[in-house]
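Enquirer: Please construct the entire structure, taking both the sequences and the accompanying hints into account.
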Amino acid sequence: MRPILTSESTLLNPAKISVEGVSKSFPVNDSKILALDEISLSVKEGEFLCLVGPSGCGKSTLLNLIAGLETPEKGKILIDGEPIQGPGRDRLVMFQESALFPWLDVLGNVMFGLSQKPELSKNEKLSIARYYIKKVGLDHFEHANIHELSGGMKQRAALARSLAPNPRILLMDEPFAALDALTREQIYSDIQRIWAARQKTIIFVTHNVREAVCLGDRVLLFTPRPGQICKSFDVNLPRPRDFNSLEIAPVSVTITNSLRHIMQGTTEET
Amino acid sequence: MKRLIIPGIFIFSCLTAWEILALEEIIPVIFLPAPSKIFSYICAISADGTLFNASWITCKRLFMGYLLSACFGIPLGILNAQFPILQRVFGWLVLGLQTLPSVCWVPLSLLWFGQTETSLLFVVIMGSLWSIIIATETGIRSVPPLYIRAAHTMGSNGIHTWIFVLIPASFPFIVSGLKQGWAFSWRSLMAAEIFVPILSGFGLGQLLHYGRELNAMDQVLAIIFVLILIGILSDKLLFSPFEKFIHHRWGTDRK
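Chains A and B supply the protein sequences, listed in that same order.
Residue numbers are given in this note's numbering: position 214 of the first sequence equals residue 229, and the series is strictly consecutive.
Residue numbers are given in this note's numbering: position 158 of the second sequence equals residue 164, and the series is strictly consecutive.
No lab work stands behind these hints: they were computed from the structure.
The model shown is predicted, which means the values in this text are computed figures rather than measured ones.
Incorrect hints may have been included.
What the hints assert, rightly or not - No farther apart than 25 angstroms at their CA atoms in a straight line, the calculated lysine to any residue pairs in the SDA-like style are these: (1) A:K140 / B:I173; (2) A:K47 / A:I277; (3) A:K132 / B:T258.
Expert: So, in structure tokens, the structure goes:
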């Protein structure tokens, strides 16, 4: 029997994303805070990787670096062996807030993601957009204005917008943190279904350990100041996983304990 | 229909009171002519085509000046927002010129361009250009950076981001700037028409000016009435549809 939890990850497939010795710091009141300190990790093609850690540990920074929205001070980030050059539509980002455009309706927003695909005709774009809008359960809200949507519907629309261009990599920065529990659990199963169907590589940032265990193939624990990866857990539970299932609980307890241990360690040091 | 009854009654009683005051000569006619006299003046100039001609000429000048202001103002506002150096160098100048009443340009304009249409146009542009620049720039600067980041990750950049993200995102600011610019053009044009005697066409401002010269207050009031009417109409026709769209889309209307 395969162990449910292993602390060493074994990489069989070639790396889709590899981060090599990346450092990044931010200026704060004339001094610098090291957000990421020599981070290295690699993500397999089709892997669902969750980054977990307390706030301010640099996990969002890492996501922005992989997205190409920021540039590392040291080290490099490779996608399929090629160094990244700024943002690209092979790597879509889903932000904590929906970042939907208020001047467009739901359909217009999803179409925006497709606007940079000249190889598709207008009709193809429309049918792709409608397909994903239906997939996230917003088919009756195609022409709704953004301000008319609830928080959960906004994140669903944002999800449809990120999925429509069919990016190979999806970077998600605590996208469901602001949603109520029921909506969130519904979206967990949606996202597992879509991920399984389209085989995307997903990096998912969260501070909710249970969420990470429910979604991830692998969970990386981050520690703050300076941001470093301190532990890696492989989660070998069968899919689709239910957020409330009993199998998830012991795994997340193990990770939470480990996180607590690390946090105590860092506070003792300082 | 019901909504119109109370304001209708109010306006009618005001006009009646005014009419009685004027007819009984409680207020000297020279100060405030009766509404009936103003009305008959409007009828007279409508009948002989003076009103239509003057309105046409005025509106043509207004549109020309305003369109030029908008055509230059929006791109200049965008440039100012894009290049902080431009903002640092010209920001205070634009702000200063925006606060300057455009009628101050009349003497210079007369000297530079003479008694020509260009002279009027110059005053109108000086009146409205600056507020359009400032509104566009403010609009672009207040676009949440998150929208731009989101657009970048979806593969949008350069011109595409400008046209499909930054400009539409600042649409509410641009429309309110255009509306303000319109009001300023209108004011400037009236000032210019009253102060610049010009032979290439009699606008409403000039009609008003001659009313003053002839001490014909019925003419002055009649023109003021027409000016107010044009003001209301242009606001309703030109800007209301855009404002309605914005309120609807952005969810800023209070219901």
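Enquirer: A separate judgement is required for each hint: does it hold in the structure or not?
Expert: Taking the hints in turn, this is what the structure says about them:
The straight-line distance between the Cα atoms of K140 (chain A) and I173 (chain B) is roughly 23 angstroms, inside the 25 angstroms bound, and the hint therefore holds. Annotation: proposed proximity of K47 (chain A) to I277 (chain A) holds, straight-line Cα distance about 23 angstroms (limit 25 angstroms). Restraint check for K132 (chain A) and T258 (chain B): not satisfied, since their Cα atoms lie roughly 33 angstroms apart, outside the 25 angstroms limit.
In terms of the numbered hints stated before, the structure departs from hint 3 and from no other.
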